[in-house]
Amino acid sequence: MDDLDGNAIGGLLMEIFGVEMTTAIGTCVHCGATGPVAETAVYLRGPGAVMRCPVCTQVLMVVVSRQDMHCVDLQGLESLAPAGEAA
Amino acid sequence: MAGTAVRGRLTWQVATVTSVVDETASVRTIELQTPDWAGHQAGQHLDVRLTAEDGYRAERSYSIASAPGEPVALTVERLEDGEVSPYLTEELRPGDELEIRGPIGGYFVWDGDDSATPLMLVAGGSGVVPFRSVLRHRSLLGSTVPVRLLYSARSLADVIYRDELDRQGAGVEVIYTLTRQQPAGWTGHRGRVDKTMLEEVAWPPDQEALAYVCGPTPFVETVASSLVNLSYPAQRVKTERFGGIGGN
Numbered sequence: 001m002d003d004l005d006g007n008a009i010g011g012l013l014m015e016i017f018g019v020e021m022t023t024a025i026g027t028c029v030h031c032g033a034t035g036p037v038a039e040t041a042v043y044l045r046g047p048g049a050v051m052r053c054p055v056c057t058q059v060l061m062v063v064v065s066r067q068d069m070h071c072v073d074l075q076g077l078e079s080l081a082p083a084g085e086a087a
Numbered sequence: 001m002a003g004t005a006v007r008g009r010l011t012w013q014v015a016t017v018t019s020v021v022d023e024t025a026s027v028r029t030i031e032l033q034t035p036d037w038a039g040h041q042a043g044q045h046l047d048v049r050l051t052a053e054d055g056y057r058a059e060r061s062y063s064i065a066s067a068p069g070e071p072v073a074l075t076v077e078r079l080e081d082g083e084v085s086p087y088l089t090e091e092l093r094p095g096d097e098l099e100i101r102g103p104i105g106g107y108f109v110w111d112g113d114d115s116a117t118p119l120m121l122v123a124g125g126s127g128v129v130p131f132r133s134v135l136r137h138r139s140l141l142g143s144t145v146p147v148r149l150l151y152s153a154r155s156l157a158d159v160i161y162r163d164e165l166d167r168q169g170a171g172v173e174v175i176y177t178l179t180r181q182q183p184a185g186w187t188g189h190r191g192r193v194d195k196t197m198l199e200e201v202a203w204p205p206d207q208e209a210l211a212y213v214c215g216p217t218p219f220v221e222t223v224a225s226s227l228v229n230l231s232y233p234a235q236r237v238k239t240e241r242f243g244g245i246g247g248n
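Residue numbers (my numbering), protein chains in the order written: chain B, 1 to 87; chain D, 1 to 248.
Isolated chain D, as found in the complex (with noise of 0.2 Å):
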């Protein structure tokens, strides 16, 4: 196919900080006033886009943390070397503008009507974000779709989100492993997630569960070929990944 050059039409719009959350020592949720925002689905993203004085820009794509219908918001994690995520997680206060584009995304989304399919969720670290707002999602739609969050961190310090994850009602199971640390009498899970904790966590095959991956691409690569050597047929195994840059 020949290359060409054409001009956008996603548009990049103002957003105005309304609220920002302390989740972890490193994580922060930004709530978001966007004035022309034409709604998500559970999982999509969006891109932000700072300018500096000098006119230099850095774009970063973030998973929306939000249910579809609430305030948009994002989770972002300080990366010590980013050149977006210290700003976001360390100088930006409500009341600041925030330029951001989206929604964006079609694949990694879950729209609340596969009703008879169980969810298996996997999470990395922030890869945890896109399903806080599946499970949001979930809740505000009165869904009894059973749901297994697989969610693996370094550190029960490290969790995002923990008091909403234990909050959770019936039909969703929350399941911790902690790579690095665990506390005193931790009964949960240990190490990074491999086929055997899989085997152990996952809706059998038989239940011909939906599962989405999101977290650091080895992680997610591990993950998904767990899964698809347990049966898992691979188109029912959504992944994102988001490297170690700046996203999610």
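With the rest of the complex left out, here is chain B (with noise of 0.2 Å):
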């Protein structure tokens, strides 16, 4: 099972954030790289969603889902920013 990408996880964003999130801008904490989130690496293999910086590798967020409760961890962001709002 190869890394995914940002699109592969934008159903689960949009549950969560109640918007289109593929296209939204994040900005990581670790090394200051910005893009949208269908670019970062995605990887399904683990109990939750792992997203990591595709310039550093570093973990940007983490969604650990049960039932119909998602944990979200975000503390690889400094921002997050759905397309066209301000980070």
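What the hints contain is simulated information worked out from the structure, not anything from laboratory work. No residue lacks a Cβ here, since even glycine has one placed at the ideal position from N, Cα and C. Please note: incorrect hints may appear among the correct ones.
DMTMM-like cross-link-like pairs, simulated, lysine to aspartate or glutamate; straight-line CA separation at most 25 Å [said to hold, decoys possible]:
#  : chain 1 : residue 1 : chain 2 : residue 2
1  : D       : LYS238    : D       : GLU208
2  : D       : LYS195    : B       : ASP3
3  : D       : LYS238    : D       : ASP206
4  : D       : LYS238    : B       : GLU78
5  : D       : LYS238    : B       : ASP68
6  : D       : LYS238    : D       : GLU221
7  : D       : LYS238    : D       : GLU199
8  : D       : LYS195    : D       : GLU208
9  : D       : LYS195    : D       : ASP163
10 : D       : LYS195    : D       : ASP206
11 : D       : LYS238    : B       : ASP3
12 : D       : LYS238    : D       : ASP113
With beta-carbon atoms standing in for the labels, derived distance ranges [to be verified]:
#  : chain 1 : residue 1 : chain 2 : residue 2 : range
13 : B       : ARG66     : D       : GLU99     : 31 to 41 Å
14 : D       : LEU230    : B       : VAL55     : 42 to 52 Å
15 : B       : GLN67     : D       : LYS195    : 46 to 56 Å
16 : B       : GLU85     : D       : TRP37     : 25 to 35 Å
17 : B       : GLU85     : D       : ALA184    : 34 to 44 Å
18 : D       : ALA184    : B       : GLY32     : 25 to 35 Å
19 : D       : GLY185    : B       : SER79     : 53 to 63 Å
20 : D       : THR16     : B       : CYS31     : 45 to 55 Å
21 : D       : GLU208    : B       : CYS56     : 23 to 33 Å
22 : D       : GLN235    : B       : MET69     : 34 to 44 Å
Work from the hints to combine the two standalone chains into their complex.
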């Protein structure tokens, strides 16, 4: 199972944030790289979804879901803003 | 940013299968009737959810194969060790119901408005699925946007939508490369897409083409970095990777 990209969790993120998020712009807290969620590396093989920075490979976001509850860890993101909104 | 937990707003709905069409030995197109569908853009996805009798659920994301305005269709490749794709490609029949949600995504979409800009579409295997939506959308719009589709498949028998791709009208060039097996007398490309092939096939950078690359992750990495090496601006190269799991 290879890594995917942020497109693969577009539905999950839309469910959580209520808006389209693959075009949202994130900034990595570790290296400062900025880019759309669609271009991040996403791993679904673990118990949750892990999003990593495509530049420095550090963890940006982890989502663990249990029934209808999602636990969202955004500690790797300096900012995350839907397209058209300021960070 | 602090962690949080919130309830979702994207809702699941029940769609009804109206037809199934075998595209290749392992790929099937499923057309759906969706009573509550907001409409989609070319290149968007939807999520499919299967629930077992014991309540176990599996979800997968699939590209939408039909154009905006057409009934929703998925094209699914059967993965031998898949949890979802064997059911979708072997068991599902017209009249069956399927839980879906969507449309999803706003990054890997073509809105049809970029009329002066040529499109460079590069597909690996079932990565061609969203491009069927793009090509149909272009055709339904009466768009004259020039399109080149470079499509990498293992063999001619593995080419999905071959009849439809071979019937494309003016302004659309479909270029195949066959990686594993070529028929006798094959004069087209052979082998995997690389920088040399893209240099020959892709629009020159001065055309300011918009590139979309969809396929397995290593394929997308190779193609996208080659296009950037050929002076395509990185932000003009849209990528979608489906790894080896049951996506697309």
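Right, here's what the structure says about each hint:
Under the criterion of a C-alpha separation no larger than 25 Å, the hint pairing D/LYS238 with D/GLU208 is consistent with the structure, at around 14 Å. Taking the CA atoms of D/LYS195 and B/ASP3, the gap is near 23 Å; set against the 25 Å cutoff, the hint holds. For the proposed pair D/LYS238 and D/ASP206, the alpha carbon gap of about 18 Å is at most 25 Å, so the pair holds. The hinted pair formed by D/LYS238 and B/GLU78 meets the criterion: a straight-line CA distance of about 24 Å does not exceed 25 Å.
A threshold of 25 Å between alpha carbons decides the hint, and for D/LYS238 with B/ASP68 the separation of about 32 Å lies outside it, so the pair is violated. About 11 Å separates the Cα atoms of D/LYS238 and D/GLU221, which keeps this hinted pair within 25 Å; it holds. Between D/LYS238 and D/GLU199 the alpha-carbon distance is near 18 Å, which keeps this suggested pair within the 25 Å criterion. Note on D/LYS195 and D/GLU208: the hinted pairing holds, with a Cα-Cα distance of about 18 Å set against a maximum of 25 Å.
The straight-line distance between the Cα atoms of D/LYS195 and D/ASP163 is roughly 28 Å, outside the 25 Å bound, and the hint therefore fails. For the hint linking D/LYS195 to D/ASP206, the alpha-carbon distance of about 17 Å falls within 25 Å, and the restraint holds. The hinted pair formed by D/LYS238 and B/ASP3 meets the criterion: a straight-line CA distance of about 17 Å does not exceed 25 Å. Using a Cα cut-off of 25 Å, the hinted pair D/LYS238 and D/ASP113 holds, with the two alpha carbons roughly 16 Å apart.
A hinted range of 31 to 41 Å for the beta carbons of B/ARG66 and D/GLU99 is inconsistent with their spacing of about 19 Å. The hint said 42 to 52 Å for the Cβ distance between D/LEU230 and B/VAL55, and at roughly 21 Å that hint is violated. The hinted range of 46 to 56 Å is satisfied by B/GLN67 and D/LYS195, whose Cβ atoms lie roughly 47 Å apart. For the pair B/GLU85 and D/TRP37, the beta carbons lie near 27 Å from each other, so the given range of 25 to 35 Å is met.
B/GLU85 and D/ALA184 have their C-beta atoms about 57 Å apart, which leaves the hinted 34 to 44 Å range violated. A C-beta distance of roughly 55 Å is found between D/ALA184 and B/GLY32, which places it outside the suggested range of 25 to 35 Å. Taken as a hint, the range 53 to 63 Å holds for the pair D/GLY185 and B/SER79, whose Cβ atoms sit roughly 57 Å apart. A hinted range of 45 to 55 Å for the beta carbons of D/THR16 and B/CYS31 is consistent with their spacing of about 48 Å.
Checked against the hint of 23 to 33 Å, the C-beta distance between D/GLU208 and B/CYS56 comes to roughly 30 Å, which is consistent with it. Range check, D/GLN235 to B/MET69: Cβ separation about 36 Å, and the 34 to 44 Å hint holds.
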